[in-house]
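My request is simple: use the sequences and hints to build the entire structure.
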Amino acid sequence: TSGDKVMQDIYKQHISNHESSLPHSSLEGLRNVCARYKYAWMISPINVFTYLKELDCDLEPVFGAYIPGSASMAIQKKSPYVAILRHTLHKMHNSGILQILHRENFLQIIPESGSEIQSVNLNQVTPILVLLALGIIISALLLLTERLMSKYTR
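In terms of full-length UniProt numbering, the sequence shown is numbered consecutively and its last residue is 154.
Heads up, some of the hints might be wrong.
The list that follows gives simulated cross-link-like pairs (lysine-lysine, DSS-like), each with its CA atoms no further than 30 Å apart [unchecked claim]:
1) K78 x K91
2) K12 x K38
3) K77 x K53
4) K77 x K91
5) K53 x K5
Derived by calculation from the structure, the hints in this document are not laboratory data.
Listed below in structure tokens is the structure:
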């Protein structure tokens, strides 16, 4: 169990009463997201894309809600291979090979969001800036009018 009081309260209120009905797999959890109202399931983005074709709904990510993690490899304690694996992975990381492998293998399965950042010029944002300036001027005039009215009504 967690040492965090908030997490303990969340567990007691929302999870412990429903332990027998909790999903046993990521796919089952994602299907519950589709089927049940106000239901959430936490899964890594890469794993989600492996199940998307098996779901009958569109999923919406909750940005900022994540648990940091990394890939790891299990190896037996006191294995003679630990040092050589650590050395090799370190060299692969420093040379950029791991980044290339990650980009080639993992980023291909993530679909494009279509929300690329585009540069804009001053002509494109001028209407927005004019609207903001008008709002500031009108609010300043209203404030001035209120102050003048309050002086004369005293």
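Evaluated hints:
1. K78 x K91: holds, 22 Å
2. K12 x K38: holds, 18 Å
3. K77 x K53: violated, 39 Å
4. K77 x K91: The hint holds at about 22 Å.
5. K53 x K5: Distance ~38 Å between K53 and K5 Cα, so the pair is violated.
Comparing the model with each numbered hint stated earlier shows that hints 3, 5 do not hold.
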